[in-house]
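Student: Going down the list, the protein sequences come from chains A and B.
Take the first sequence: its letter number 37 is residue 37 in the numbering used here, and every next letter is one higher.
Take the second sequence: its letter number 85 is residue 85 in the numbering used here, and every next letter is one higher.
Calculated from the structure, these hints are not laboratory results.
What you are looking at is a predicted structure, and each value in this text was computed from that prediction instead of being measured.
Do not rely on the hints blindly, as some may be mistaken.
For lysine to aspartate or glutamate, the following EDC-like pairs were computed, each having C-alpha atoms within a straight-line distance of at most 20 Å [claimed, not checked]:
1) 61(A) - 157(B)
2) 61(A) - 85(A)
3) 80(A) - 38(A)
4) 61(A) - 171(B)
5) 80(A) - 55(A)
6) 2(B) - 40(B)
So, partial list: chain B residues that the calculated Cβ filter (under 10 Å) puts toward chain A [unchecked claim]:
7) 27
8) 61
9) 94
10) 100
11) 195
We treat Cβ as the ideally placed atom computed from N, Cα and C, and that holds for glycine.
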Amino acid sequence: MTAAAPGVSSGGGSGEPRLPVWAVEVRVTPRQGILDPEGQTIQRALQDLGYAGVESVRAGKLFDLRLQANSAAEAEREAKRMCGELITNPVIEDYTLSVSEPP
Amino acid sequence: MKFGIVRFPGSNCDADAYRAVTEGLGETAVYLWHKSRDLESSDVVVLPGGFSYGDYLRGGAIARFSPIMGEVVEFAHNGGLTLGICNGFQILCEAGLLPGALTRNRGLRFRCVPVSLRVERVDTPFTSEYADPDVPAETFSGFHRAPVVQIPIAHGEGQYTADAETLDALESSGRVAFRYVNGAGEATDAANPNGSANNVAGILNEAGNVLGMMPHPERHSIRALGPDDGLPLFRSLVRAVGTS
C-alpha cells in the first residue's frame, strides 16, 4: 500500500484529524439503447408470473462506497472520477450517484 | 520471431496460444507475467482468453490496469502487432485500444461451439495467409470472395456493441476483420451466436496493427487435434513480421 495522500487521514496514530466519511451510492444501468438481455429475461419471467403491467426491466449494479473527504461535494467529485476510470464503462453503461452521511 | 503471451490471473487459454505458436507454427513463444513491465522483445503480443480477475466488475476491466498493460498500450501505439482473443478482446476494448465494448450474450447463454466466420479482409497482418490458395477454406460467393473458416467461440459476454457512429466508421473503413456467417457465408441473424452488432466477430484498430476477436483461432491450430483454420492467422503474423 502506498502512503495516504496529503490531507487524507491515515486513520492511525499520526495525530492528523480524521476526515469525515461519506456514504456514496453508485447505481449503474445499461445505457439507453443498449440491449439488456438480463433485464428482458427478468421482465418476461415477471410477466409469466402474472405481472402483466411490467413494461420494462433494466438490470444493473449497485456500489456502496465509504469515502473519506472534506465535504460531500469533494466526495462526489472523487466518486465521479472513479466511475469514469473504472467503475463504469461509458460505452455501455450509465450511472447515477448520491452522497450522504453514512447511516 | 517471438510471440509474447500475457498471463493474467484467470487467463486460461494462455497454454493453448503457446502451443499454437510453438507446435502449430514452430515459432518461439514466451509467457509474460501481468506484473512484469517487460515484453521481452516480443514481435507479437497476444492477450489470451480466460476470465482475468474472475471477470469481476466487467470482463477485462481490472486487467487493463495490470502493470504489463502500460507496456502493451505503448507497444500497440508504436505499431506493434497485438492480438486479443476473447477475454483479450475485452481487455483491448477496456484499455481503449479498440472501440466499443463486449456485453452479455443475447439469450444469456455461455456459448461454446464452433462457428463459421467470414474473413472480411485478407490484406491485413493478421489475415494475409487466408488468401493463400492452399488454405482449405470454402470460397464465399458474395461480393467479398472472402474465405469462410471454422473457429470455435467460448464466451458468455461476447456481444459486440458500439454506438452507430462507431459502427459506421468501422464498416466504412474496412475494420471488421471477421463476421459470424452461416455455411453459405451469409451474415444472417441466425448465424449470429451472441447478438453482436452487424455480426461482428473481430475488429481492427485504425492503424491496422491491433486485432480483437471473440473466436479462438488458437484452438484450431494443430492439425492432429482437428481443424486448423486458426493457424493461417498466426502464419499471417509471421509473414508480417518477416516482411516488416
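Student: Each of the hints needs a verdict: does it hold here or not?
Tutor: Status of the hints after comparison with the structure:
1. 61(A) - 157(B): holds (16 Å)
2. 61(A) - 85(A): Within the cut-off at roughly 16 Å; holds.
3. 80(A) - 38(A): violated (26 Å)
4. 61(A) - 171(B): Distance ~32 Å between residue 61(A) and residue 171(B) Cα, so the pair is violated.
5. 80(A) - 55(A): violated (31 Å)
6. 2(B) - 40(B): holds (9 Å)
7. 27: Hint violated; residue 27(B) Cβ to chain A Cβ min 35 Å, cut 10 Å.
8. 61: holds (7 Å)
9. 94: holds (7 Å)
10. 100: holds (6 Å)
11. 195: holds (6 Å)
Of the numbered hints given earlier, the model fails hints 3, 4, 5, 7; all others are met.
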